[in-house]
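Assemble the dimeric complex from its two separately framed chains, guided by the hints.
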Amino acid sequence: MMKWILISAVSSCIFSTALAQQDTLVGNGAITVFTATKTERSLSNIAVPVQIISQKTIQQAGSLRLSDILSEQTGLFMTNGFGTGVSMQGLNPDYTLILIDGEPLIGRTSGVLDLKRITVGNIKQIEIVRGPSSSLYGSEAMAGVINIITDKSRKNTLGISTRYGTYNTADFSVKGSVRTNRINYQGFGNFYRTDGFSIRPNSRERSVAPIERFTQQHNLGFRLSDRSNLSLNIRHNSETIKNNITVINNGNSINSVGVEKNEDLNTTLQLAHKFNERVKNTTRLYATQFNSSQELISDNGVPYLDAFKQQFARIENQTDFNLNKQLEFNIGGGYIHETANSTRYDNSTSIKTNRIGYIYLQSEWRPLNKLTFIGGARYDNNELFAAAFSPKLALQYKIDKKISLKASIGRGFKAPDFRQLYLNFTNTAAGSYSVFGSVEAQKIINELNRIGQISSLEPSFYQLSNLQPEFSTGFNVGASYQDEQWHISTNIFRNNIENLIDSRLVAYKTGGAQIFSYLNVKNAFTQGVETDIKYRYNNQWSFSAGYQFLLTGDQAEINAIKDGKVFTRDQNGFSRKMNQSEYVGLPNRSKHMANIKLQYEHQNFFANARALYRSRWATTDTDGNGIFNTNDAFAKGFIQLNIAAGQGFNNGLSVQAGIDNLLNYTDVLNLPNLPGRTYYLSISYNFLNKNPK
Amino acid sequence: MSKMKQMILVLGIVVSLVACSKDDNSGTSAVVETLTVKDLPADTIIGITPGAPPTGGFPYGAGRYTFYSLETNKIVPASDSASNKWDLAFKGTTIATNSGNSGPGGAGAFVYVGLFNDLKTIPADSSFRTDNAPSAFAITTGSNRGWYVYNGLNQLVTPIPGRVLVVRTASGKYAKVEILNYYKGGTTPAANASDAIKLNTQRYYTFRFSFQPNGTKTF
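Going down the list, the protein sequences come from chains A and B. Each step along the first sequence adds one to the number in our numbering, with nothing skipped, and position 602 is 602. Each step along the second sequence adds one to the number in our numbering, with nothing skipped, and position 170 is 170.
Pulled out of the complex, with its shape left as it was, chain B reads as follows (with noise of 0.2 Å):
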């Protein structure tokens, strides 16, 4: 029971510290700055279901997404989750935009392959997709399937390089996100770590961003 209780504690100091700072932007061109947002919470990790699998021992959180606006580049309380607000929710590794039935914004978003430097301009053609959950995400959910892979056998999710999420903000503006860590402080455990660090540790996501205020699709 302790160990719950100390869980909680640290979700709670967690989400009282999330910090965002500044990156540096090397070319001097550049018109859109990067921000990195470090240890955002998605439904941390706060028990695990009694028995064993197939009917329990799984790991669960308090079932609640953390709101993100890009825009203000700030988490957004849950009570404004039915508003224009936010533009992404967390939780665990399902991504939500504020569009579809997760939200009444007008977000969007896909998922780019390439580098986040090299997309300067969203392509004229690209089609945002929306949230129809919870069979269907803007943001493809699975492994393998939209921006992270799942190891079966040392149970880690790692955000597969060379994925950009391109987003339409609630608002109608546009931002590009790279996913770089799930794990606290920015780094996966090792593949031998014990489950404790593996459990406590993951579902904080560490990304980077962009967001062009002017409504144009270029960064």
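So that you can see chain A by itself, here it is in the shape it has in the complex (with noise of 0.2 Å):
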């Protein structure tokens, strides 16, 4: 016991070294933020939007998963198909970047990385910043940046957590953590489980179907010297869901039943160094692969086979100058070999390449104690498609110690993915339509032409060309007030988006069948504000809401309805002109989102209420214009209830419980993934360290 103490006292000392080297622009407040200058900050010192999640709301929601904890955030939503993604600022979510302890997660389907994928078990806090961030991030950071903290603690430390729930939902976490003088590990495993459910009255297939998911995370630290510390950290994701499939079509269906893996390996190796008190240089060293694969046989005996392989390697080096107490420079490169294959590309065994080299440089400035900038740009050089360069300016002002100004300008970049320049794929399932990447599109099409399968090319075809990337460009301004019991900040936000990539008929094959590829032809913007509020009544009570405002659209179509172009039906279902005022935008976004949470707390007690509110959003366009209006089908809005309570105890037992959904609020055809009422039962027990806190 007494060698325990010691340790950690001796662990508590260099903690506390570490405090004290901090510098003016580090600042002194406890909260640091890795995420939005790509060095550690005080949240309070930050000039851009950033959002931090702690540990300790995400264990008080009762999340298992990170769209759990995501979905309760302000201006935050998750979308369904091809898993679970999250939209933010009012875009897809292709365009924001999900880092795990600042490195990307690769593995996307149709753009959508699937963030049922990652456990929350080991997170320390979840970064968010807001708005363009391919300055310091490169690719897909276009809206913003998600970047999820793992655990270091600076303590030895053992604990479980259990926790079973409605659809025998389970999830089993193990987490410990040792410390000597110079080495530290953490180690992490979690296996989750749900039979999945579905809201759908007799029906075989399951809106989530069965899934069981083990993760481990293993870091392991090694100080080598009072200035040199290297890190190794793997992480392990597998998942296996059980599928049971039917596909309908003209009134026929087929049932397929199979089994599909998805595999994750995440593995950085991180070399730091500090040359003196003002120059410090990070090595990086990352490769991460996902791995998925889809084994289907159908009711008539028909195999179905989909695999999917992507690797993804990087080396990145970073220099920080800490110039004065006014001005630090941080300069970085690096190079990413990244590769793909896939069934879906024209043969599965032909690895597809792309390689990019890179550099950024960052500038931050504090001409006054009240005033900072920052100032960046990254230029990607791409193998496979035109260059990106990414600058972004930023600024905040502290008009005095509770009040303080931000502004913000950047730009954003995604570049095309390998499904949009390689697919090749052909549905027989349903009227056997084709979709092409954009580079096998015109080799395949003339081929095609050339034996006489086409019938005929659309205007769309002579528009194929080299895919540049998407770009955006980024507006925030806001303010913030902070008190003893307050906490409110708003922001408000504009995005421009240019040269969206998105699917156009191309061409038909002499059988009338489709054949679709990728083209750069849309402009889009997303705008609004956000807003949150923080309230502590007392040491008991505290309340906090959030709320976001937002409006989408493609200029090109508001000038069509200004232009007398645009058309819906009246009641009659007479052809009429469509008025500006009936112009939706761009389809599943809600126009107003709020959360509303109410927290008790006393000693080792907590209790919280949670509401999540989103307004209709567009569906289907239905009056057939092609354009989102009022008079298209609309999913209704709803309010989601979540309560969750628990209690700690001094021998380091904690117990919780929580119901999701409360009100039991359900739409079949709008919101699959979103079950019923359910309940859970949570146990954690810390065999060291047995202070409830």
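These are calculated hints, taken from the structure and not from any lab test. Small disclaimer: the values here were computed from a predicted structure and weren't measured. The beta-carbon is built from N, C-alpha and C at its ideal position, and this holds for glycine as well. Careful, some of the hints might be misleading.
As the list claims (entries may be wrong) - What follows is a set of in silico ranges between Cβ atoms, one per label pair, in the way DEER data are often shown: (1) A/Leu-663 - B/Pro-134: 34 to 40 Å; (2) A/Asp-502 - B/Ser-171: 44 to 50 Å; (3) A/Leu-269 - B/Thr-49: 55 to 61 Å; (4) B/Ser-171 - A/Ser-465: 47 to 53 Å; (5) A/Lys-56 - B/Arg-145: 41 to 47 Å; (6) A/Asp-502 - B/Thr-121: 36 to 42 Å; (7) B/Ile-197 - A/Ser-465: 42 to 48 Å; (8) A/Ser-465 - B/Val-113: 36 to 42 Å; (9) B/Pro-50 - A/Leu-269: 55 to 61 Å; (10) B/Pro-50 - A/Ala-307: 30 to 36 Å; (11) B/Val-111 - A/Ser-465: 27 to 33 Å; (12) B/Ser-171 - A/Glu-447: 44 to 50 Å; (13) B/Pro-134 - A/Gly-637: 44 to 50 Å; (14) B/Asp-125 - A/His-337: 21 to 27 Å.
What the hints assert, rightly or not - Pulled from the structure, derived: some chain B residues nowhere near chain A, Cβ distances all over 12 Å: (15) Pro-77; (16) Pro-104; (17) Arg-163; (18) Thr-206; (19) Arg-208.
Claimed, not checked - A few chain A residues that don't get close to chain B, going by computed Cβ distances all over 10 Å: (20) Lys-155; (21) Ser-207; (22) Phe-385; (23) Tyr-462; (24) Leu-505; (25) Phe-567; (26) Ser-575; (27) Asp-621; (28) Thr-622; (29) Leu-669.
Pasting the structure below:
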């Protein structure tokens, strides 16, 4: 026992030395953020909109998967289809970069990274940066960045937690860390399983299929010297999904059963060296791969195999120059080697490759105590498509200790992905339509045309060319107020998105089957206001609320409406001109989203109630004009209410119970992944450090 | 089997019930009356081919066009298909004109973008197309190319608003047509309606038209 105390005393010493080395830019705030500037910064000193979700918040919400906790945050909503993705500032999931400990996760399907692949059991905090951050992170950081910081305990710990709930959903985690003067190790293992569920009556197919997931993560750190640290991080996640899929085609239903397997492996080796108090260098080697396969067999014995494998390797070096108390520079560069092969491409053994070289530079300047400027830029040179240049400028002005203002402007980009370049897919189950990536399309269609299998070429065919990256320019202006009881922050945003890649009909085959491909065809914008309010009434009661107002659209569509070229139908079914006031913009977006949380804490007991609201959103173009408007089909707005309560004990035990979706809201058509009311009970036990805090 | 019989029965009843009603011409200056045709069957579905896609599982009708005369506002029997008696013929989403290789008449058509009531005079420089079946029809076939859009997710066919079929009849007079709906009763089923409803109610046209008997291009 003495030994443990000694070690923890030593480690807390290291901790406090680290704290003492803070400079002025870093500040003295208790909460630090890494993601916004790729350097550690106090939350109160960040010039761009940043939100932190703490471990405690995640635990007290009873979250298991990353999507659970993100769905309760202002302005974020989860999308269905190809897994559970996150939409931020009204942009599709494709445009939010997801990082674990600063390294990107790969393995997107149709642009969506399934957030259910990520357990929250070992998360220390989640950092959400809104607005384009490509100046530091490159592709995909158009809407923003979500960085998951895993727990790196500074103490010796060992704990288990287990949870059981509706639909035989079980979750078991073990987490521990050992620390000596030179070496520290953190280990984490998680098992999750669920029977899945179906909210469709009499359906063989489940909205959420039975799943088993295993996640493990190991982090080993060596203190090579007072100035150098080496760390190795390995994460492995595997999931097995039992699929039972029914495809209905013209009243004929075809059932297929089988197994889908997805596997992630992430490895990071990092060497950080401090040359002196002013210069620090970090080298990171990161390698990750995503392996996915789906093997199905239909009732009539027809097999189906779908396989996808993606690999991503990166080396990056960053040097931080801390010139004086007012000025800091960060300069970095790296090289990415990325490959993919899939049965969905021309040939599953042919490996597609992309190589990217990049450099970035960031400068943080604090001419006055109240004023901070950040300027940065990054240049990505891609082998497969045009280069991307991403600048960013941000400033923060602290009027006084309570009020501060922020403004930023930045450019983000998303590179065309392998699917948009190389997909070679023909859906024999639904009308035999084909989708070809832009590189493939011209080659294949020209060949089909030569042998007389093309009946007509559409105008879009002649526009097929090398795909360009999609770009956005983001503007964010915000203010925040903070005192002992209140914390209010608000942010106005506007994103202008250019060169959006969309699928277009490019040709018809002689049998009438359609051929689609990808083109840079559209522009879009999203704009709105995000506001968060936190109020601490006393030591027991606190209240928080968030609201996002969102408008989206495409300027070309608005112009066509203004010019009287867009029509809809009146109550008699006769065509009439559509008014601009009827314009909705992008589908699946709610104009209003809000959340309210009421929390009670007393000693080791807590209880909370969390309400989430989404106003209606457009789902289907029912009037046939191709533009979403108030005459189309909408999903109803809804409220979801979640409650949880827990008690910690001094012997290391804590117990928590909760009910999600207390009001039992379901929408079979538009929210197939939202189960009705569910219940859970969880128990955790800490073998060491039994103080419940 | 009994379901198939039921469908044929329904089809038969509907054919005999095709109703034509007079529209309310609110404008006093209107010279030409506007008529609405409801539930005109267009090769309604009578079965589904056996098997599964891509070799089977496709719905099919009897493969027959419904011939219609805008001049007389009546269905023309198929026995008169080789005559000048009909102007338009409907089969699924295909609308043929009595022209080219579809019929012996002098018909023609094109799709005008705009409102039915705004089209008071057919522009002098308009060029009427003729049929060259099966590859090209005067009224362009295919989703989002002519008069309708097909949604692959919910398998529904919706007429595009603001599309007017400008028709030269078999006898060389002029008419304008707006397709209002493709489903029985003039109501498109809900996106989540059962496949049976979507199959049994589709291929029934509701449209309104104005026919100018005096041979001018003004309505």
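Violations among the numbered hints: Violated: hints 1, 5, 8, 14, 17, 18, 19, 24, 25, 26, 27, 28, 29.
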